[in-house]
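Trainee: Here the structure of chain A is known, so what remains is to put chains B, C and D in place on it, guided by the hints.
The residues making up each chain are set out below.
There are 4 protein chains.
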Amino acid sequence: MALMTRDKYIESLRSLKKRVFIMGQEVESVVDHPLVRPSLNACATTYELAQQPEYADRMLATSNLTGQTVNRFTHLHQNTADLVAKVKMLRLLGQKTGCCFQRCVGMDAFNAMDSVTYEMDRALGTEYHARFRRYLQHVQEHDLVVDGAMTDPKGDRRLAPSQQADPDLFVHIVEKKPDGIVVRGAKLHQTGALNSHEIMVMPTQTLSEEDQDYAVAFAVPADAPGILMIYGRQPSDTRKLESSQLDVGNREFGGHEAVIILDDVFVPWERVFMAGEYAFSGLLVERFAGYHRQSYGGCKVGVGDVLIGTAQSLAQYHGTDKASHIKDKIVEMVHLNETMYACGIACSAEGKPTASGTYLIDLLLANVCKLNVTRFPYEIARLAQDIAGGLLVTLPSEKDLAHPEVGPFLAKYLRSVNRYTTEERCRMLRLMENLTLGPGAAAYLTESMHGAGSPQAQRIMLARLADLEEKMRLARRLAGITERPPQ
Amino acid sequence: MALMTRDKYIESLRSLKKRVFIMGQEVESVVDHPLVRPSLNACATTYELAQQPEYADRMLATSNLTGQTVNRFTHLHQNTADLVAKVKMLRLLGQKTGCCFQRCVGMDAFNAMDSVTYEMDRALGTEYHARFRRYLQHVQEHDLVVDGAMTDPKGDRRLAPSQQADPDLFVHIVEKKPDGIVVRGAKLHQTGALNSHEIMVMPTQTLSEEDQDYAVAFAVPADAPGILMIYGRQPSDTRKLESSQLDVGNREFGGHEAVIILDDVFVPWERVFMAGEYAFSGLLVERFAGYHRQSYGGCKVGVGDVLIGTAQSLAQYHGTDKASHIKDKIVEMVHLNETMYACGIACSAEGKPTASGTYLIDLLLANVCKLNVTRFPYEIARLAQDIAGGLLVTLPSEKDLAHPEVGPFLAKYLRSVNRYTTEERCRMLRLMENLTLGPGAAAYLTESMHGAGSPQAQRIMLARLADLEEKMRLARRLAGITERPPQ
Amino acid sequence: MALMTRDKYIESLRSLKKRVFIMGQEVESVVDHPLVRPSLNACATTYELAQQPEYADRMLATSNLTGQTVNRFTHLHQNTADLVAKVKMLRLLGQKTGCCFQRCVGMDAFNAMDSVTYEMDRALGTEYHARFRRYLQHVQEHDLVVDGAMTDPKGDRRLAPSQQADPDLFVHIVEKKPDGIVVRGAKLHQTGALNSHEIMVMPTQTLSEEDQDYAVAFAVPADAPGILMIYGRQPSDTRKLESSQLDVGNREFGGHEAVIILDDVFVPWERVFMAGEYAFSGLLVERFAGYHRQSYGGCKVGVGDVLIGTAQSLAQYHGTDKASHIKDKIVEMVHLNETMYACGIACSAEGKPTASGTYLIDLLLANVCKLNVTRFPYEIARLAQDIAGGLLVTLPSEKDLAHPEVGPFLAKYLRSVNRYTTEERCRMLRLMENLTLGPGAAAYLTESMHGAGSPQAQRIMLARLADLEEKMRLARRLAGITERPPQ
Amino acid sequence: MALMTRDKYIESLRSLKKRVFIMGQEVESVVDHPLVRPSLNACATTYELAQQPEYADRMLATSNLTGQTVNRFTHLHQNTADLVAKVKMLRLLGQKTGCCFQRCVGMDAFNAMDSVTYEMDRALGTEYHARFRRYLQHVQEHDLVVDGAMTDPKGDRRLAPSQQADPDLFVHIVEKKPDGIVVRGAKLHQTGALNSHEIMVMPTQTLSEEDQDYAVAFAVPADAPGILMIYGRQPSDTRKLESSQLDVGNREFGGHEAVIILDDVFVPWERVFMAGEYAFSGLLVERFAGYHRQSYGGCKVGVGDVLIGTAQSLAQYHGTDKASHIKDKIVEMVHLNETMYACGIACSAEGKPTASGTYLIDLLLANVCKLNVTRFPYEIARLAQDIAGGLLVTLPSEKDLAHPEVGPFLAKYLRSVNRYTTEERCRMLRLMENLTLGPGAAAYLTESMHGAGSPQAQRIMLARLADLEEKMRLARRLAGITERPPQ
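Residue numbers (this note's numbering), protein chains in the order written: chain A, 2 to 488; chain B, 2 to 488; chain C, 2 to 488; chain D, 2 to 488.
Excised from the complex, chain A in its bound form (with noise of 0.2 Å):
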């Protein structure tokens, strides 16, 4: 069995030389920075259930690559049952982190890969499936994190990438050598890039032969030469530096992202997946979308649940909980959550197999998953501050809370329904702060929101899979129209 413990992954990740700049400062020990950790302890998450029995079901699969038992985050789905394993999973890590816990989007970029290098190895004659088979071998045996990196900075949004101002808005091939590739430009919104071990990057959009030189896909080590991080920062993401036990929220866990440069970087043949094939770069990101969409079908409720959690607990402690319209709101809240998992299941459920064998979830359902996704999280965080009162943004500090002449007071008035405790509320507030104002809310509501592409994306790829013709010709049928010859 492939499988590190959550420890030795921690410790794999100290090994690597990445080069990572967090509020103006390079970094030494990304690992220890009070910043990051908390989203390293997301993403270490992954590898702790995958030792826990009781999650076997969820977390660990055959590869088909080798037989041995891997971690599902490495593994090619077989099967609509691992699609659909794969929601549950991420629902599960939801619940468990509160938060983005990483790992999907490498996963989600294996499984878009697998197809596409495979589609594009039989209509061009190319030799890229082999050659990325054998580096998801790789990942698996060591069982490692991929960032999975599609999002160019795009510059003008009006312009192709060679047509920017700057060649360089859009990664690109600057030079091919008989060893490898060197690539220039960045990726933005990379989410656990410091956690991760390698990067795979991909192209962001469908490209047309002028712009055959950033049709390209690869992976490099997370630490390689030429690369740079810069953290992004985050809401109250500070309060993860005042040695915070309250105030923070989520006490344990976060998420990041960062800008990746990629300042001329080398990358070896054998780690090169498409180098000038841009007719197959629309495919790629169209697949890689589509998984990616499926994804938040299962995070995104997870930590609906948590937060639903918190509001039914404000309810609790403030003696609200049998008051009909906020049961009523906490149905709701509920109603939305499992509407956007019943989209993830969906589209897992109704899943086919590419001719690489491994499995697509149906498209068309994705992309409606993750469109309910740039909504309803808003909705239910909207509902959820409902519930929780004013309070939420008006609590003093956990500092005032301990401090001798107010602690006191605010221990006496903050008190709501007596069997609990005003620490219990206090903490369940922040927690709710976090998720909806704070750093969870970059997660839970703007990715939700532009992660696997912003709405507009999926609402293009409803009008391209929605079969009008067919559905005109069920109408025509019903009101008695003959059918003409087309125009």
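Identical chains share a label here; the pair holds if one copy fits it or two copies do between them.
Below are the DSSO-like pairs computed for lysine-lysine, each with C-alpha atoms no more than 30 Å apart in a straight line:
(1) Lys19 / Lys177
(2) Lys178 / Lys18
(3) Lys18 / Lys413
(4) Lys19 / Lys155
(5) Lys19 / Lys9
(6) Lys18 / Lys400
(7) Lys177 / Lys155
(8) Lys155 / Lys323
(9) Lys178 / Lys19
(10) Lys155 / Lys178
(11) Lys155 / Lys328
(12) Lys413 / Lys178
(13) Lys400 / Lys413
(14) Lys323 / Lys413
(15) Lys328 / Lys353
These aren't lab readings, by the way, just hints derived from the structure by calculation.
Mentor: Only chains B, C and D this time, still in chain A's reference frame:
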């Protein structure tokens, strides 16, 4: 193979001696009544498509009772594939008929009755299950339409059955005889009653000991002595009496509901499946409702496909189909429609076997499915009307279109994109009117609201099935709140 | 005082020789036609209430032309109090009729025409304004109903009037004579046309020089030679032919729309208010639409009051009016209804004088008003149906209620809270059916969508009227971004 | 003229000896504390704009007490024009500060107190009104900021004040002395408390006889002995401590709330406005809440203008401002924002005089206003985030932008449309982050939810104020149902 043809089905109905009242008149030949015939056509489509090989995967199943191929509408679901196939069958039929085809209520009643009688027998030592399966075998062999009859009049909603001013406001046993029981009461909103061979009656709600006479379930022929059926009016129903080719909207299909009066009807013991076991009434209601809430994730989606098709067609006729706001509305309609479908698929894919071997959908997700169905068709209809334009409700009669003086004016002035005729446009407008404001709206909107239980019924189930205790535990763990002993 | 009684109004219509076609037949006495009479009753209510002192503040005004007391429907708004009173008058009439009472289109046309002819004269040296005011004085003195006719058939929506395959798809001048003009074309969706004394025609959109013949506005008697009117069908319209006391829902009132054909109609110059001044067509459309978008913040709110009343009544009849979820839905209906009203009031209170002295509503807020009206009535109707229960669309005919055999069964089984009769409940159900799925829904829903312009028209106005440059300046100032010279 | 300059206002605060605690420390000079100063700047803007002639119509009023020109924030509304001007003043200030400027709570308290003391005196023979007006004259003459303090801690929401485990969970009189009263308790969520000269305390809910000691209203200087203020944390508050020019988002302005502890504070009778008259507590709450619900139709709309400005700016920077889906989202934001404004204007324009002569808004419409405010800002924020893109929560620190090695990379890669600098884009992103996820969101979202009462409070008022009996009468009349004698 125990399948009837469409024509034999219609013939088989002729031989029944049902007592049917339509708009104040007792009707001899219901089958030929122009108000009923469209609904018969819709129900007959469940026979017609079962004969067509391309739909065999959805329309047919292998009976677990006999090993015979049966119409899926008479089948007990043996696995999640059956549950998924059911949803796809219903979507297909919604697409083909653009209305309610009335046969799922019976199917959902069979599946609920099967597991509940099994569990009831096991708990109470009764012998209903074998009796029910003999009955179902008869249904399968004769490929019957069975009306699943649940909704009682209910009188004053604040009072239990036996507390009502009139004890008959819920169906109850008025006499137990050696050879059977005598029942009295009524069932409302009986979809497709006039097209049914049999009626299977179930209690409408959870009952307590005082109401044990109301805990009664049984099957009777639709023309059993003492049964009267009274046709329920629908919006614009009498257009069907106008010999309309166009104003009727849906040229061939429609639906109907009826009030069924049970005026001291005798039921032999062999057809009685519950008689006093009040403790199992709630379970039967919950399971039947669960299956039926799943159903709506199929049939209403199929009708939604038709409605989207009407909107897209009208946009094409008007020359607006490329306008961005129109495309956006179409995408929204598709999105909402597919979200309902995703819920239908998900609750099926997550189904589990009951003790009798019959598969039950995931109840939480089935309730989520239906709750979305109480909302989204209304919004889809609103968007459809937005795209259609006001002519939807200002279009003159087809008799005006044919009038020698004004007909040519209308043909001239109601022409839009030149490639399409005025008649095509008018037909499509009338179909949309049917679906959003006419008889089709009775099924697509109001029935989506109340069929299988009004939205509050789903909300109560969600409150029960959402594991709030677990969600609170998740939140407390992340907030660092120590678990305390239960109160 | 220049006010007609209700009876004189009806008599005055009899003397007109309109050519009207209803469902394929030319009709001699429109006034007595059972399909039209309910709409005439509604329009006549504008006369009836004007005679009642308790409504004088809303129904009457002092003419700025003559100093006489006139019906507000013929009045030019002289201040914001007039604008507010108009909204309140329309709400009152919506409450009293539960439908469209058809007279505001003319009022809105007068007010728009007044300021636009004034500004046109000032800019171009034409003499339309005095002419128009003479005409309006005539209208006031005879207390006439004038149909404001704007919407052309429009053909292919991508093409300008003169580019259409058929040049008549927009009303245009076909001949200019010494004594007047000859016009050809049609106007669709003409609310209350059959109940009007006169028709005032306006162009339907902003026109360019190529389309100057389409820039035409004028008034003609409703029975001028060459005018044909064709009645537009509504859902369930023929229930009015059933001598129904109950199934018709709204016992006394209704509405109608008609297609008006202008088959080379002659208009004397004294009644021509625009003839080629294409540059002012857009302004006229914008102002008329603005006033009419304000109107909907009154009339639809009044109908909403009735619909809320039906829902609350049914809840009372069923014994559910104290259930918290029912109360919550009623509150939501009230909230949405009053939000529309607030928009109607606000755009009135913020009105400003035009150059002619006539007051114009705040255009931005009037468009906001109407955009809400394209949404909220649909949601109010959905909530109403939720409260009503499924009987709304499954209730047997009133002839069944009166049938000697089944009538007593229905009276027995459709009784709910004992204090109320079955008939009361049925009447209320039919009224709600009328408003949400019947002829009332044509006005309350579809007309709310498309009347005064479809939602996209309001959105375009919002985009134009929202001062985005100013909003960006506000944001830059707060963000500390230096202003740069314009590009 | 009794107006202070901005600078004198700030100086006047320095002379107070308030006891203030911020994050565990007692603070000497609150005015200069970097966490508080932005909120002081916002409040000071109410002084600054009052000095600028172009805003005189909104900022100034003529006191009915003295005939002097006063800041509108200290004025009693004398007519509907005053009520409308108030809403416009608040929108202006929201636009200028992008946050809560804290001074309306006092204004709303004055206006409520004025009419309630008048009516209370008339009913009970007390003498509060003259006393209150003397106090208000003092406020006007010194142009003071008065914190209107209503919300008590409330403890267990199921229990009345005197039933709580701790009797101090609602502010109450603990001693009545010849020269005044001694009060104990706390007030939560006190907006702008640290910037106030005075505190005016009111009861938080309708009280019954048992709770008459809780029926207490009075004014005290903010530095009266026994008063402690504890600063409430906001999301990302400590960015203000980072000497940030950019990450802080809103460069100059902010808000704050505080817990106010009243630890046996003495109040002389001359400043007591209610002391035991429990029967008037509900009226005071209702009127204060009514005025404050109106306020939100101004201030939140002004902040909404800023947020729309940030979204449009970012669209411009990205080159997406011409994309139809972006334009559509901007229009939707404008629509929702103006709908709230319309409600603010409408409840003002429909205001009526109270017995004291002070004008009261239309309560029904003011509650409708606030209920919309509990929803629309959340949707506006969601749409803003949609337009902004994910960089909103992944943007590196401004220290990274200034870093010698990574700064240039960020400047290069975060550039979008070439005409705009990376810094401009980053500043705008940080402003939107502030408004939707940072300290601005505390005011724009959570305060919109709970300020002036949580949504359920508005719903209860709507249920009370909607005349359902009248609506049912309207429905019965149209349905032809005879009125029956009341039960």
